[in-house]
Amino acid sequence: DVKVTQSSRYLVKRTGEKVFLECVQDMDHENMFWYRQDPGLGLRLIYFSYDVKMKEKGDIPEGYSVSREKKERFSLILESASTNQTSMYLCASSTLIRDWSNSPLHFGNGTRLTVT
Amino acid sequence: AQTVTQSQPEMSVQEAETVTLSCTYDTSESDYYLFWYKQPPSRQMILVIRQEAYKQQNATENRFSVNFQKAAKSFSLKISDSQLGDAAMYFCAYRSRAQKLVFGQGTRLTINP
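Top line first, the protein sequences correspond to chains A and B. Sequence positions in the first sequence follow the numbering used here and run 1 to 116. Sequence positions in the second sequence follow the numbering used here and run 1 to 113.
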């Protein structure tokens, strides 16, 4: 079974801190994604990556950056955390889509981040 | 840009009965996939069912089935013989060849014993 592991289940940080959310997958997946989940808004894509050192902005990249130095690890960085970044963050991975339709996303269990 | 709308923030159903969750989407593309994901209290997102846009036949997975109306851009999920373990947030999602998955707002389903 694919395993996507997020390093923290709960995290509390102060405004202005630099925050790192780590995600590791063990299935050699090329694609990795970061979403944030908020009530009434569903999941919104922050950033995604199709390969090492490659990144693309999603729908809400402002205030975030990412790093993918190794294939299995995709980090989300909040350069200066703000209270409006309090949210649930979900990481996901999938295989390279040759048959583009047949590669479901595998999700981690989420990190609930509170910025005070 | 594609959008996915779930107009029911919450739904409840009696155990063993049938419930239908609604989803509509907006796209100008003809080739895409639609998904329903389930998120139980454990937070683990689980793929429930998926539908290829080019297939007219509705997808089914055991007690879960969809009603896919391509012209109406509607993709509802029917859960038959509801069980307590079906209680969760359900998200409808759309994926195009651009590979990005776009989610709806979610519907919280409660199962009453």
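Keep in mind the hints are simulated off the structure, nothing from the lab. Nothing here was measured: the structure is a model prediction, and the numbers come from that model. Among the clues, some could well be false.
Unchecked claim - Straight-line Cα separation of at most 27 Å, DSS-like style, residue types lysine-lysine; simulated pairs: (1) K100(B) to K71(A); (2) K57(A) to K100(B); (3) K100(B) to K55(B); (4) K3(A) to K100(B); (5) K70(A) to K57(A); (6) K100(B) to K73(B).
Consistency of the hints with the structure:
1. K100(B) to K71(A): holds (19 Å)
2. K57(A) to K100(B): holds (11 Å)
3. K100(B) to K55(B): At roughly 21 Å apart (the allowed maximum being 27 Å), K55(B) and K100(B) satisfy the hint.
4. K3(A) to K100(B): Given that 27 Å is the threshold and the Cα spacing comes to 21 Å, the pair holds.
5. K70(A) to K57(A): holds (19 Å)
6. K100(B) to K73(B): holds (18 Å)
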